[in-house]
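Colleague: Sequence:
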Amino acid sequence: MELELRHRTAHETCASLGPVVIRICDGVRTEVADLVRQEQLFDELLETHANIAMLVVFTHDTPPPDGAAQRHAKQFMRRYRENVVVAVALLGLGFWASAVRVALSTIVRVVGHGSISIEGTVEQAITRVTMELVGIDAGEIQRAYELLWAELSVPSARARTGTDP
1 MELELRHRTA
11 HETCASLGPV
21 VIRICDGVRT
31 EVADLVRQEQ
41 LFDELLETHA
51 NIAMLVVFTH
61 DTPPPDGAAQ
71 RHAKQFMRRY
81 RENVVVAVAL
91 LGLGFWASAV
101 RVALSTIVRV
111 VGHGSISIEG
121 TVEQAITRVT
131 MELVGIDAGE
141 IQRAYELLWA
151 ELSVPSARAR
161 TGTDP
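Its first residue numbered 1, the sequence shown is counted upward by one per residue in our numbering.
FYI, nobody ran anything at the bench for these hints, they're computed from the structure.
For clarity, every value in this text was computed on a predicted model and none was experimentally measured.
Among the clues, some could well be false.
As the list claims (entries may be wrong) - So the derived label-pair ranges between C-beta atoms look like this:
| no. | residue 1 | residue 2 | range |
| --- | --- | --- | --- |
| 1 | Arg143 | Arg78 | 26 to 36 angstroms |
| 2 | Arg8 | Val32 | 11 to 21 angstroms |
| 3 | Glu4 | Gly135 | 13 to 23 angstroms |
Glycine residues also receive a C-beta, built at the ideal position from the N, C-alpha and C atoms.
Construct the complete structure from the given sequences, taking the supplied hints into account.
Modeller: Laid out in structure tokens, this is it:
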């Protein structure tokens, strides 16, 4: 499978690897426009795959989705609950992780527990994805995530130090 970059900003990246979408948010809130972009990507991937998965990684201090984004997510994820599995990795602890977990739990309750899981590590989230999509290689997803994270981290390091690595 080939990793295909779908969207990138200074604090967010989204790519697909076959039937798996990987989205990393590093301190940026998920907005309705992001969810609309995800819907379009889901529709595109479901044209060629019966089922797809999404690995979402939120780093510490990434704000939870606001009310409008939560409402939109509840609405659009209902449509995909039979064909899309979402595994969210919350990379942080304490109050931040609790607040984001509560915000995401409201979406999980509406959509259904089988469609969305909230995990504490990327590895646990990848395991969840590979349990649902038979034949998907966890190592390949892990390598894709690490590549995307490294590429996302480079501009941040440049901005902090004012240097080009």
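Colleague: Work down the list of hints and note, for each, if the structure agrees.
Modeller: Tested hints:
1. Roughly 32 angstroms separates the CB atoms of Arg143 and Arg78, a value that falls within the hinted 26 to 36 angstroms.
2. Roughly 19 angstroms separates the CB atoms of Arg8 and Val32, a value that falls within the hinted 11 to 21 angstroms.
3. Between Glu4 and Gly135 the beta carbon distance is about 19 angstroms. The supplied range of 13 to 23 angstroms therefore holds.
When each numbered hint is compared with the structure, no violation occurs for any of them.
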